[in-house]
Amino acid sequence: MRFVTSTPVLLAVMFLLFMAAGASAQQAKHGKHEKQGKEKSVWNMISGDFFDGLKRIDTDKDTIFLRGAETVTKFPDSVTVAFAIRDLLCPPEVQQAGARPYLTQKMIDDLRLSIYWKHGVELQPVKDVKEIGSRVDRIPPYATSLAAELPARYEWSYQFAVPSAGVSLMDSLAFVFRTPDGRIAARVAARL
Numbered sequence: 000m001r002f003v004t005s006t007p008v009l010l011a012v013m014f015l016l017f018m019a020a021g022a023s024a025q026q027a028k029h030g031k032h033e034k035q036g037k038e039k040s041v042w043n044m045i046s047g048d049f050f051d052g053l054k055r056i057d058t059d060k061d062t063i064f065l066r067g068a069e070t071v072t073k074f075p076d077s078v079t080v081a082f083a084i085r086d087l088l089c090p091p092e093v094q095q096a097g098a099r100p101y102l103t104q105k106m107i108d109d110l111r112l113s114i115y116w117k118h119g120v121e122l123q124p125v126k127d128v129k130e131i132g133s134r135v136d137r138i139p140p141y142a143t144s145l146a147a148e149l150p151a152r153y154e155w156s157y158q159f160a161v162p163s164a165g166v167s168l169m170d171s172l173a174f175v176f177r178t179p180d181g182r183i184a185a186r187v188a189a190r191l
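Residue numbering for the sequence shown follows numbering that gives the first Met the number 0, starting at 0 and increasing by one per position.
Note that these hints are calculated values from the structure, not bench results. Values in this document were obtained by computation on a predicted structure and should not be read as measured data.
Below are the SDA-like pairs computed for lysine to any residue, each with C-alpha atoms no more than 25 Å apart in a straight line:
| id | residue 1 | residue 2 |
| --- | --- | --- |
| 1 | Lys54 | Thr79 |
| 2 | Lys73 | Ser113 |
| 3 | Lys129 | Asp109 |
| 4 | Lys117 | Arg177 |
| 5 | Lys105 | Glu154 |
Whole structure, please, built from the sequences with the hints as guidance.
Shown next as structure tokens:
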């Protein structure tokens, strides 16, 4: 995967790409309000010293972040972001007729990653993002007795250090993966 240097990454986030199911933080927030029937929900965050003891408090009026009695509004100078791209099987109703293409190392290498800080609808490219590490792991098949007959599937894991000095905790990171011809293959946002 080629990283577009004029873009960034954020916060220790794990997401599955290509047909991964999940709910956004906003949906989770509303779900908590509906289930609990309360005016606020509190989320604890654990990731490095900065996030130790940091709590997100959502009310009907706003969202604030507290560490003890201190209100926190900005990210630290840099955050670490981790994510994985995993080749998942599509449910039969989503698959098209014919053989399903499996992700290959070449497909991943050909993707162009752009990372942006998102404030409202404004996207600001992140600069000076540094890759800390990456690895590829084979996903063991569910049907172990058929392992020799099944195509190999993989999970690609990445970790980046993303500059975040002065960025509001209310902003989110947007990851845009493009194919070599410039089409968007996937777009994922991460926020606290």
